[in-house]
Amino acid sequence: MPASFRNRSSIALTTALVLTAVTAGAAAPYVFSSEVNAAATKKCSALTGVEIAADAIGLPTGGATVSSAVPASAGGSGEQAYGAHCLVSGDVKPVDPAAPNIKFQLALPEQWNGKATMLGGAGLNGSIPPLTNASNLWGAQKKPLPLSRGYAVFSSDSGHQNKNGEHPAAFGANQEALKNYAGDALKKTRDVAVKLIHSRYGRAPAKSYFLGYSKGGGEALAAAQRWPADWDGVVAGAPGWNVTAVALGMLNAAQAVAVPGAWLNEAKRHTLHAGVMRTCDALDGVEDGIIGNPRTCEARFVPTTLRCPRGEDTGNDCLSDVQLAALKRINDPKSLSYVIGTGESSLPGYPIYLADQGGGVPDAVHKELLTQLGVYGSTPPAFPPTPQMPPGLSQADGVVRHMIVGDPNFDTLAMDLASGSGMASRIEANSGLFSNIADLSPFQERGGKLLLWTGSAEPAARTSMHYYSRVQAAMGPARVDSFVRYYEVPGAQHGPSSTFQPEWDQLATIENWVEKGADPANTIVATDDAGVPGRTRPLCVFPSWPKYKGSGDVDNADSFTCASR
604 MPASFRNRSS
614 IALTTALVLT
624 AVTAGAAAPY
634 VFSSEVNAAA
644 TKKCSALTGV
654 EIAADAIGLP
664 TGGATVSSAV
674 PASAGGSGEQ
684 AYGAHCLVSG
694 DVKPVDPAAP
704 NIKFQLALPE
714 QWNGKATMLG
724 GAGLNGSIPP
734 LTNASNLWGA
744 QKKPLPLSRG
754 YAVFSSDSGH
764 QNKNGEHPAA
774 FGANQEALKN
784 YAGDALKKTR
794 DVAVKLIHSR
804 YGRAPAKSYF
814 LGYSKGGGEA
824 LAAAQRWPAD
834 WDGVVAGAPG
844 WNVTAVALGM
854 LNAAQAVAVP
864 GAWLNEAKRH
874 TLHAGVMRTC
884 DALDGVEDGI
894 IGNPRTCEAR
904 FVPTTLRCPR
914 GEDTGNDCLS
924 DVQLAALKRI
934 NDPKSLSYVI
944 GTGESSLPGY
954 PIYLADQGGG
964 VPDAVHKELL
974 TQLGVYGSTP
984 PAFPPTPQMP
994 PGLSQADGVV
1004 RHMIVGDPNF
1014 DTLAMDLASG
1024 SGMASRIEAN
1034 SGLFSNIADL
1044 SPFQERGGKL
1054 LLWTGSAEPA
1064 ARTSMHYYSR
1074 VQAAMGPARV
1084 DSFVRYYEVP
1094 GAQHGPSSTF
1104 QPEWDQLATI
1114 ENWVEKGADP
1124 ANTIVATDDA
1134 GVPGRTRPLC
1144 VFPSWPKYKG
1154 SGDVDNADSF
1164 TCASR
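Everything in the sequence shown is counted per the numbering used here, starting at 604 for the first residue and increasing by one.
Hints are computed from structural coordinates only; laboratory data are not their basis. Take these hints with a grain of salt, some might be off.
Claimed, not checked - Listed next, with one range per pair, are the computed distances between beta-carbon atoms:
| id | residue 1 | residue 2 | range |
| --- | --- | --- | --- |
| 1 | D1014 | R1049 | 46 to 54 Å |
| 2 | S648 | D1019 | 55 to 63 Å |
| 3 | V698 | R1073 | 31 to 39 Å |
| 4 | T1126 | A1041 | 25 to 33 Å |
Claimed, not checked - Straight-line distance between alpha carbons at most 25 Å, and here's what the computed DSS-like set of lysine-lysine pairs gives:
| id | residue 1 | residue 2 |
| --- | --- | --- |
| 5 | K766 | K696 |
| 6 | K746 | K1119 |
| 7 | K790 | K696 |
| 8 | K746 | K810 |
| 9 | K696 | K745 |
Glycine included, each C-beta is placed from N, C-alpha and C at the ideal position.
Use the sequences and the hints to build the structure in full.
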C-alpha cells in the first residue's frame, strides 16, 4: 500500500469485483456479483481510522483522517429509494492550526455503479449537505438521488462549522478558512474522497459529476474552471460564483429599501406584482401566471404607471416616488469606481420586477417564504440585522463585515458602495479569491460538459447571463455550443417560487450528455412544483424562451415551442 494512503489497523482491503452493467438510470446500474453483506460490512468498518497523507492531496493540507465508517441500511422511498451503503465521515486538517478542519462525508454503496458525484453547498456553508435526501438540490428535489443510482456521493462543510451565537460569516477572519470556502475545499475533499473510493472498490471512479445550486452552483463552476481534469460533467444551478459581487448587490437592495418610506408592505408588493403581470403575462402567447418572455417584459413594463398622485404615498394601490426610486435602484446596474476581482466594474442589478416578493402568492406558506427570501422581509432593513430581515441581506451584511472589512461593527447600511468607503482594495482582494475563469478550454478539451441554469426572477440571474456571455467572448459561440447549455427558467426564483418551481432530472441529463452524446438542447421538460403543480414547460436554451403555439393544453410542454422573438 502506498505511503500516502495507510490504515492504522493494518487491515488489507481486498476487492474482487465483478461488475455487471444494466440499463442506465436504473437504481443499481452495477452490482457486486461476488460480495455479500457481511463482506461489505467488513470492508466498510476497515475504513475507520484511515489516514491520507498531505502529499496525496492536490492542495496544501495537514492530511486527512477517517473518524468513522458505519454500515448504513437501505432507505428512502419511490424514486429516491437507495440501497445499503457505507457512510464515511472524516476531517481534512488545515495547514494553519488556527483554521477549522474540513469535515466531509462519503456514501459508498454496496451496489456501486463505478461513478462518483460531489454535492455543492449553500449560502455560507458551515454544514455538510445531506447525502441521502435532495434538500440541497433545488430543481431536482423529487428526482432520484445520486445514491439511488449507485453513485459514490460525497460533500463537505467547505472548511468551517456554524456556531451558535456567532455570525455564519465569522469564519472569514481566517485566511485558510476563507480560501477553503472560496473553492479550495472542493479539491481537498474530492482528492480524499477518490482515495477512499479506490480503497473500498479497488479502482477510481470511471466518471465524476458535480451537482450544485446557489453557492453550490458557484462551486460547480469553480470545479470545472480550476480542476477540469477531475470532472466529466457539472450542473451549476443559480450559481453564486461571484460571492462578493452578489453580497454588494444585496446590500444595494437593502440600502434602497432602508430609506424612510421606501419599504413596501405586502399589499404594495401585490400592487407591484399585479401591475407587472398586466403588462407581461401574455407576452409569451398565453396568460398563465408565468412571465415566459422576461427580456421583452423588462423592456415594456413602465413602473411609473403605478405612481401615486403627486408621488405621495396615498395608499396600498399605488407606489410613491420614494418607493419607485428604491425599485429602480435595485433593478438597474450600479457603476463602481473600482474593479471587483471577478471582473465586474458594476453591479448588474436584481430583476425585481420579475420576482414575486410575497405579493402574488395565494397560500400562506409560499407567501412567507418569498417574503423572507426577497429583499423586503417582514420589516425594513436595520443595522445590525434583525431576525425579520431576509437571510440574503443578513448574509450579505456578514460577508462585508467579516470577510472584507474585518470589523464586526462596520455599518453596512451606511457604506458607499460606489466608492467602497475606503475598502475598495479589500473588496478587490476578497473577490479575487473566487474563481472567475471564463476560458474553459481545458474542460472542453477533455470532453467535459456544463449545464448552467437559473431562474429569470432570481437575484443573481443577470450574473449567470453575464458569465455565459464572458465564456462565449473568451472561447467563441461555436466552441461554447459544443459543451455548454444555459437555461433561464421563466418565473423561477431563488429556491422556492410561487410561479414556476422547476423539477427536472439534472443528473440523468448531464450523465446522458457525457456518456451517450445526448445533447439536451431544447428537449428538457420541467415540471412545476409550486404555481400549478404538475404543469410542464420546456427548458429553452438561452436566449430562447417558451412560447405558446396558440392551441393545446396550456399546462403541457408540448403546447410550447422555444422561440427567440
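To see whether the hints hold, each was checked on the structure:
A beta carbon spacing of about 47 Å between D1014 and R1049 agrees with the range 46 to 54 Å that was offered as a hint. A hinted range of 55 to 63 Å for the beta carbons of S648 and D1019 is consistent with their spacing of about 58 Å. Distance hint check: the CB atoms of V698 and R1073 are about 33 Å apart, consistent with the given range 31 to 39 Å. At roughly 27 Å, the beta carbons of T1126 and A1041 sit within the given window of 25 to 33 Å.
Proximity of K766 to K696 is assessed by CA-CA distance (about 19 Å); at most 25 Å being required, the pair is judged to hold. Pair hint K746 plus K1119 holds up; C-alpha atoms about 20 Å apart against a cutoff of 25 Å. A distance of roughly 13 Å separates the Cα atoms of K790 and K696; the hinted pair therefore holds under the 25 Å criterion. At most 25 Å may separate the alpha-carbon atoms for a hinted pair to count; K746 and K810 meet this at roughly 20 Å.
For a cut-off of 25 Å, the pair hint linking K696 to K745 is broken: about 35 Å separates their Cα positions.
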